[in-house]
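Colleague: Dock chains B and C with the ligands against chain A, hints included.
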Amino acid sequence: GFPGYPGQKGEKGEGAFVYRSAFSVGLTERAPHPNVPIRFSKIFYNEQSHYDASTGKFLCNIPGTYYFAYHLTVYLSDVKVSLYKKDKAVIFTYDQFQKNNVDQASGSVLLHLSAGDEVWLQVYGEGDNNGVYADNINDSTFMGFLLYPDPDVH
Amino acid sequence: GFPGYPGQKGEKGEGAFVYRSAFSVGLTERAPHPNVPIRFSKIFYNEQSHYDASTGKFLCNIPGTYYFAYHLTVYLSDVKVSLYKKDKAVIFTYDQFQKNNVDQASGSVLLHLSAGDEVWLQVYGEGDNNGVYADNINDSTFMGFLLYPDPDVH
Amino acid sequence: GFPGYPGQKGEKGEGAFVYRSAFSVGLTERAPHPNVPIRFSKIFYNEQSHYDASTGKFLCNIPGTYYFAYHLTVYLSDVKVSLYKKDKAVIFTYDQFQKNNVDQASGSVLLHLSAGDEVWLQVYGEGDNNGVYADNINDSTFMGFLLYPDPDVH
Ligand SMILES: [Ca+2]
Ligand SMILES: [Ca+2]
Ligand SMILES: [Ca+2]
Chain A
729 GFPGYPGQKG EKGEGAFVYR SAFSVGLTER APHPNVPIRF SKIFYNEQSH YDASTGKFLC
789 NIPGTYYFAY HLTVYLSDVK VSLYKKDKAV IFTYDQFQKN NVDQASGSVL LHLSAGDEVW
849 LQVYGEGDNN GVYADNINDS TFMGFLLYPD PDVH
Chain B
729 GFPGYPGQKG EKGEGAFVYR SAFSVGLTER APHPNVPIRF SKIFYNEQSH YDASTGKFLC
789 NIPGTYYFAY HLTVYLSDVK VSLYKKDKAV IFTYDQFQKN NVDQASGSVL LHLSAGDEVW
849 LQVYGEGDNN GVYADNINDS TFMGFLLYPD PDVH
Chain C
729 GFPGYPGQKG EKGEGAFVYR SAFSVGLTER APHPNVPIRF SKIFYNEQSH YDASTGKFLC
789 NIPGTYYFAY HLTVYLSDVK VSLYKKDKAV IFTYDQFQKN NVDQASGSVL LHLSAGDEVW
849 LQVYGEGDNN GVYADNINDS TFMGFLLYPD PDVH
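Read top to bottom, the protein sequences are chains A, B and C.
Residue numbering for the first sequence follows this note's numbering, beginning at 729 and increasing consecutively.
Residue numbering for the second sequence follows this note's numbering, beginning at 729 and increasing consecutively.
Residue numbering for the third sequence follows this note's numbering, beginning at 729 and increasing consecutively.
Check the hints yourself; a few may be wrong.
Copies of the same chain are indistinguishable here, so a pair counts whether it falls within one copy or spans any two.
BS3-like cross-link-like pairs, simulated, lysine-lysine; straight-line CA separation at most 30 Å [said to hold, decoys possible]: (1) LYS770 with LYS814; (2) LYS827 with LYS785; (3) LYS827 with LYS770.
These aren't lab readings, by the way, just hints derived from the structure by calculation.
For reference, chain A alone in the conformation it holds in the complex (with noise of 0.2 Å):
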């Protein structure tokens, strides 16, 4: 016989997945020892759990570009921070204490990030810049979060 119609209209296609892969925490232990990863276990955000409260390290598990933040109150004495990536210092952050005058200091930056890949805060060098203070109503900080997935994850 003659061909048919054509058929119907094929389905809509799916929205692109969201890649998500987030983590946002709080220190609960002041003056955090040196060259030892930062141990933040205050936790606001870690839905996909990259973020290891044993240990104070982000793990990478989606390829992309990354974003990370941080904000310290400095109190009792000079802090010198640096957020790592594979064991390497990428960014530092120095604020001196004086009496009567806790300070804040904050930090970001975007990194590209391959999995396996861990980011974490540290105090830097072996003096005694550790002065990073938190307590019930002050907090220390640390955040990040993936802003674009590799192009070859979809």
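Modeller: For chains B and C with the ligands alone, coordinates are given in the frame of chain A:
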């Protein structure tokens, strides 16, 4: 007759809709009152009108993960400010003022919000920690944006 | 003959293209000149090359809503810096320096940009508020990224 030819290929699915919810505002009145939301009335961005300049509150319309940040000029007195979500102080930023030493204090956090949740900044406590300052050439700012809409929104 | 069977389901629509535009840079020369863009020449991320290290300016290629942030080390003199969009100062950050009290000052804002718009940081005013400092282990940084492309881009 025989079956017809297969129908035409369905139309290409539409790209994922981009959910937008963001605001970026600045202070115009210094020394905000404690225990009420700080009203930021200089508008840098509020296209979706999810921030209400008359109350100082951001209202969540799209459930998902949000980023919030603020940057405060510390002048004339100390500053202690909290970011509130639904009447609960989530993070605290404290910076002491000393004469001739204007400072800057900042904070940021990621939070999951449900539709109807409100977020704002407020001077914390009964004391006089309201040294948040702004004038024509000095800003104190507050902003937020939807980072990841919830999966079921799609 | 009779109509044929319905055609096969159309192919799944492609995922939405991810528009990317982001940069993250650091200062290498301290005490920037007033009244010209601050040139940040240490590159943390500039994959799309929308930031020009020779001028210090970010050039908008994709119309949409952008996030900008900066973190400045305040040392040796006061700091007054503005974020400029198209030759107009949009936000102002001021921090006073006092001896033995290095400070950190930061700012962030969301702005809608059209293709061709330029954004940069600049020391504000004629005075000597150029105490923005950086060395090998002290950073002053500037960054920005496309948050939401305009709907008509799709
Ligand atoms: Ca202070
Ligand atoms: Ca200062
Ligand atoms: Ca200081």
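Colleague: None of the hints should be skipped; say for each whether it holds.
Modeller: Results for each hint:
Taking identical chains as interchangeable, the C-alpha atoms of LYS770 and LYS814 lie at most 30 Å apart whether they share a chain (23 Å) or sit on different chains (19 Å). Taking CA atoms no more than 30 Å apart as the test, LYS827 paired with LYS785 passes in neither setting, with 32 Å inside one copy and 35 Å between copies. In this assembly of identical chains, LYS827 and LYS770 lie within 30 Å of each other by CA distance solely inside one copy; the values are 27 Å within and 34 Å between copies.
The structure shown violates just one earlier hint, number 2.
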